[in-house]
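Chains as they are written, first to last, in the numbering used here: chain A, 1 to 396; chain B, 1001 to 1335; chain C, 2001 to 2315; chain D, 3001 to 3251.
It is worth saying that the hints were derived from the structure and are not from the lab.
Don't take every hint at face value.
To be verified - Take a look, some chain B residues computed to stay more than 10 Å from chain D by CB distance:
hint, residue
1, PHE1029
2, LEU1178
3, GLN1190
4, LEU1275
Claimed, not checked - Below, computed lysine-lysine pairings styled on DSBU-like, alpha-carbon distance capped at 35 Å:
hint, chain 1, residue 1, chain 2, residue 2
5, A, LYS373, A, LYS336
6, A, LYS35, A, LYS330
7, B, LYS1036, A, LYS102
8, A, LYS359, B, LYS1078
9, A, LYS212, B, LYS1078
10, B, LYS1036, A, LYS336
11, B, LYS1036, A, LYS395
12, A, LYS354, A, LYS302
13, A, LYS395, A, LYS354
What the hints assert, rightly or not - Simulated DEER-style distance windows between Cβ atoms:
hint, chain 1, residue 1, chain 2, residue 2, range
14, D, LEU3115, C, ALA2298, 30 to 38 Å
15, B, LEU1276, C, ALA2298, 49 to 57 Å
16, B, ASP1027, A, GLU75, 24 to 32 Å
17, D, PRO3073, B, VAL1101, 18 to 26 Å
18, B, LEU1024, D, GLY3111, 40 to 48 Å
19, B, VAL1017, D, GLY3180, 50 to 58 Å
All C-beta atoms, glycine included, are put in the ideal place defined by N, C-alpha and C.
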Amino acid sequence: MSDTPFVANRRQFLATTAAGVAVAGLPRFAIGAPKRIKVGLMLPYSGTYTLLGNNITDGFKLRLAELGEKLGGVEVEFVRVDDESSPPKAKDNAAKLIVKDKVDVLIGTVHSGVAEAMVQVAREEGTLTIVPNAGSNRITRELCAPNIFRTSFSNWQANHPCGDVVLKDGHRNVALISWNYAAGKEMLDGFKESFVAGGGKIAKEFLPDFPKDEFQAYLTEIAALKPDAVYTFFSGGGALKFIKDYAAAGLQGKIPLYGPGFLTDGVLAAAGPAAEGIKTTLHYALTLDNPVNVKFRESFQKATGREADVFAVQGYDAASLLAQGLTAVKGDIGAKKALYAAMEKAEIDSPRGKFTLSKSHNPVQDIYLRQVKDGKEVVLGVAAKALNDPATGCKA
Amino acid sequence: MQHQKLALPLLFAALAVGIALFPLVGDTFYIRLVAKIVVLGILAMSLDLLVGYTGLISLGHAAFSGTAGYVAAALINKAGILDLPTLLAASLTASGLVALVIGWISVRTTGIYFIMITLALGQMVFFFFHDVSFWGGADGVNLADKPAVAVGETVLLDLSVRINFYYTALACLVLVYLLLTMVLHAPFGQVLRGIRINEARTKALGHDVQRYKLACFVISGLIAGLAGFLEVVRGGFISPAHVNWHESAMVLIVVILGGMGTLVGPVVGAFALVLLEDYVADLTDHWKLVIGLFVIGVVLFLPDGLIGPLAKGGKRRLCLFRRPKETPRESIGDA
Amino acid sequence: MASLPPLRSGEGSGWGQYPASPGERVRMDAAYYLIQILNGVQYGFLLFLVASGLTLIFGIMGIVNLAHGAFYMVGAYLAFWLDSVTGSFTLALLIGVPVSVGLGLAIERFGFTHLYRRDHLYQVLFTFGLILVIGELRSILWGNDVYGVDVPPLLAGSIPLTETQSYPIYRLFISLACLATAAGLTGLIRYTKLGMMIRAGASNREMVQVLGLDVNRLFMVVFGIGVGLAAFAGMIAAPVNSVHPGMGDEILIISFVVVVIGGVGSIKGAFFGAMLIGLADTFGAVFLPEAAGVVVYALMALVLVWRPRGLFAGG
Amino acid sequence: MRETILETRNLSRTFGGLRAVAGASLAFEKGVVHAVLGPNGAGKTTLINLLSGDLPPSEGMILFKGQDVTHMPVHKRVHLGIGRSYQKTNIFPELTCLDNCWLGAQARLPGWLNLMRPARGYPAVRDRAERALVLCGLDHRADAVAATLSHGEMRQLEIGMMLATEPDLLLLDEPLAGMGVEESWRVIDLLKRLGSDHTMILIEHDMDAVFSIAQRITVMVNGTVLETGSVEEIRSSPAVREAYLGEEHAA
């Protein structure tokens, strides 16, 4: 569990800080700009994605610490809700933060399904929301809104560049496999779009049920199909299992494996040699050689005792984005129009390299090509420069 | 028995009035929470008809509410139908049919076999909505809009307005309570009670118990469907997790927690569990541990539920200590 | 509200899994089918280990043990933890199985014994509570991360069949281990006094008392065996399955299906049920990917319509 | 010769290898109390279970009022007018005596899906239930919870529940099982009263009871019918004396 010292929840906080009670009770803006803002963290603190939730949280807190525990001159009070990555509870959890705890800013979440439900509530209530991970395209397309921002990526962004990569490597006939759920399909579609356009052919597409991780049957069929390459998206447990089974089935090295970076992020240690040679595209790589990243990895390591990862970065940047916005409006969270405008124009100096935001509030960022060599994620270069999500269907 | 006859209906009346007045005083969040509780209460009541009154322990109840919810969602999002009566009719028909099929297969067995089969068939429904991408896949789907009752251009009841939904749900709760009370006092209900206490003898007295059990299953499924429909309208969201057996188990907990075989108990249980969850989740990230221990505690020390003392008349107890006589073999039942 | 976009599933029918037309489906060579069958059988064996314990507990104790999958998960996490501590997978097995059996017996003593005289309902809910508690304890002890367990060096590597097709040795080992366990279990039940008690108990609990046998001890032993089997399954599966929080639930439900198909209390039923499901799941995944999840349940429904008490229901 | 109400033809039931009832061909006449005697394991209870439909026969057929009911389920036979009581008291312990009979009385309602009107709103049912209570002599205990009854009273209730279904044929399986002396006399009187205007098939160990109640007697030995006749014929039958009474006196 996260070991950085911060308010674990509302009750404890109110208990410890009289000021908190005062402000929480007072009508907001009675005295001009408030001295503090309430940030609601709606993230998974239990279940499969716990680690992601904690890294995002700690990334955010790390940036806050760097800025002297203030964002745009105002102090921050945290309220935390464990969303369990459970879509059915998503709306109630979001409502809990917005309606019950009356947070000024909502940060969340990891799971796409939960994020979409959360964003819908945020749209209804008009609460400023920053999505620090969930890549569902729809969040910055159909669901986009003036008060919805994203500091991570869109599923399309993370996969589209890989189509050309695979073609450049000379593979024309590729088998696809991912879980049969929204994120999985969006990832594969992102890849297919550029790959097929470039003349590639899809040998076959496998969509096992989420979160089934018995891949043996599919691997056997892939081996029989003998495609030039396999493009896959799994994450966490599924990713680890797939990578190991792929090697165990004797396909490693025979049929090269490609995918979005989540395939290898966070599982390299556990996967060991089985992950060797896998090529992935992502908007970040731990080994990125830029000063911000080097410093970020150190201080994150120092603060938490854990190795940083892409999720920590996304949390870290969420804080940066909010800080820039608040600075522009001198901490007056009430001045929404100006605040959103400032955030939209923000240029974030992130460990992943500088990035800006599109009209639909999705990062315009470089996508890197990485490959696993000797258990390390090595950056081979930039697969797509300043890539912008098409944002089809965004009417805001 | 005697004072139970009065105590329980009075308790329900008090609850209903309390819920009706709450919006005048309560803050927005808790009004939402109560709406959630009311819907859960309806679902738990429908399960009480099976578990508490007929002795049929179903672990697949979420299949019925879930089906109704999904059908409503699909009609709203894909066919753009917003007419409340139409949607309700369609959803209930769907949940009723599912109940009919699952019931037809499972009422032929009893005891643990019944439990297992309802669980397994419930999961089958779960995977149906989970796998077939027409329904929206693992992440679930959001409602594009909320139903309303309109005559021509004039909208009589718009459920997207929270307070409207609140009182609609409350009305349904009261209605379901009255309906079930009626059914249970009718000859039909007498036979159900007979089946719970001594199925073989009920049969020997000339009642086609299979048929009664199936009918009971379908009625329960229909009411569960109503709850599922309300839930999807309330949350504006439906996902496979709504159909998962964990959901069914939690509803079962709600029934026991409140006190089964009492109708009002399940509503009390809904209040207790939802409020507990809301409170504990604030205290610790390991709140599931607390809930788990709580469940175990209830099972071990509170078999009659919170309103057990009120509901006494010893009927549950006697039933508990009658069962062990049945050997697993018997409990596998007369197929 | 009205401005909200339409349902996601509106995009793409989902049944269009195959860009390649069916005719274009590559001819699969013999090796392919051999391996697919091996896959199905191996999965079936694993299911058998879990389901056999489940069915014994059903048949003899008359308890629906929802927590059975949790023991499978505990086994897997123990395998991971002990393997990383001791550095030896064998050692992990030797320590892990007794530990989990001990845990199971403790729960039987302090929990179930109070519930034997109660309605099934309470036993079911008790085991459901156990799932939540064990799950959270797991996340406190080992966190919620996903772990991998290395295949013991001896069994690493795979047997090449064609230039792309090859079969992992460790999976063969799993099948053999399960086969051995199955044989042992059958022997135990057929030829020992304990086995006699178990058979008696499975067909009729009162008969056990008639025979003047100590029911409580029988229950304890049976529960111990059940938990042991589940944990053992979890442990040997750990190297091929990633060790993750959801694993218990996944195996539990599918084992239910196996028991329902095989018939309560019937080891034989559990075996055939497991094989049936193992193969159905494997080939379902290949031939109708979209409906893969439903296939096994549809199969179960069919069996139930035909035989409401399962294929090998006692009595 | 009275008309036959129930007839069995070569009725048999085997459990595994054991033939509990072997080729029983019997005719039971309307308005007659017909007792079935026999030592333990003679297959008496099995015979009753076959007649009531609790057990399916292995062979043979059963005719009730000339209609083939061989494979008819229990509840349907009740509707035709076959009622039975059990040897092992089989009642609804949580319910009052009245409610116990009520459930039986309800079986005669037309249709089954009666969801609206309260059960109490069916006077016909109430009358049937109360009549049954009077008949079985428990009218004074109408509101007592069955579980609180004495053993004898439970046996009476057992019979009362059956009567509530207003059967034309009563199947009584050892109604005196495990009763004290004056308790059993109460039930014997009850049976005599019933006998005057009901058709009964009665299984009983207690010879004196049987001889005082029954008009016709069938003696069974290991599943086969040894002899059927009037009380006198049976009393004087050497075969019966040999097979049954002999052992009975020895005991």
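| task | Would you pick out the hints that fail for this structure and give their numbers low to high? | result | Those not satisfied are hints 3, 5 and 15.
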